[in-house]
Amino acid sequence: MDVMKPLNDCKAKLWRDYTDLSDVLHRAAGNAARSLDEAMPALADLREGIYESLNQILHEYYTVRALEWLLSSHPEYQSLDWHWNPRATGTWLEPDLRGVTANEVSVSGEVTTSPRPSGVIDTRMRSTLGKLSKMPGMKFYFVTSPQMAQRAKTKVGKAGYSIAVVDLSSFTQPL
Numbered sequence: 022m023d024v025m026k027p028l029n030d031c032k033a034k035l036w037r038d039y040t041d042l043s044d045v046l047h048r049a050a051g052n053a054a055r056s057l058d059e060a061m062p063a064l065a066d067l068r069e070g071i072y073e074s075l076n077q078i079l080h081e082y083y084t085v086r087a088l089e090w091l092l093s094s095h096p097e098y099q100s101l102d103w104h105w106n107p108r109a110t111g112t113w114l115e116p117d118l119r120g121v122t123a124n125e126v127s128v129s130g131e132v133t134t135s136p137r138p139s140g141v142i143d144t145r146m147r148s149t150l151g152k153l154s155k156m157p158g159m160k161f162y163f164v165t166s167p168q169m170a171q172r173a174k175t176k177v178g179k180a181g182y183s184i185a186v187v188d189l190s191s192f193t194q195p196l
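Per this note's numbering, the sequence shown starts with residue 22, numbered consecutively.
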């Protein structure tokens, strides 16, 4: 896991990542295909060029939002040292977000950016919640839609996990 930089630095990096991705999309939009046979390889190239970045930028952004929510909702967490896996590359033993003090884990958090709990996403939610339930500290599962929050709360309740589900879609940073 990486040590988190100050939130303003994280947001500046996210903005650069967004503008880089936006530039790629604008360039691709300017290359109009003249036939279906030209269009499909162009779409495949575009998907290859943006798919992973699109997913990872969103994950990193919502991990930053999760930390903002934690610091706003739990002022006692201000003194923690924060570590993260900004691009969702942590191991099975690591959460997306971790708060520690004196080498003791106080907070473990997982973030999902999927808007709907269907198919593979629903299955992945179950395994992620199981993983999170075994981690130390207070446990938080951050989602980005009311539908995901409701589904996660149902899964947490049925499994008897001690995990708080937080819907970031309605969170606004206090002034």
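None of these hints come from the bench; they were simulated from the model. Beta carbons are placed, not taken as given, at the ideal position from N, Cα and C, and that holds for glycine. Treat the hints with caution; some may be incorrect.
[To be verified] DEER-style ranges, computed between Cβ atoms:
#: 1; residue 1: Asn29; residue 2: Ala63; range: 23 to 31 Å
#: 2; residue 1: Thr144; residue 2: Pro96; range: 30 to 38 Å
#: 3; residue 1: Ser191; residue 2: Leu64; range: 28 to 36 Å
To see whether the hints hold, each was checked on the structure:
1. Between Asn29 and Ala63, the C-beta spacing of about 37 Å breaks the proposed range 23 to 31 Å.
2. The given range of 30 to 38 Å is respected by Thr144 and Pro96, whose C-beta atoms sit roughly 36 Å from each other.
3. Against the hinted window of 28 to 36 Å, the Cβ-Cβ separation of Ser191 and Leu64 comes to about 35 Å, which satisfies the hint.
Violated hint: 1 only; the structure is consistent with all others.
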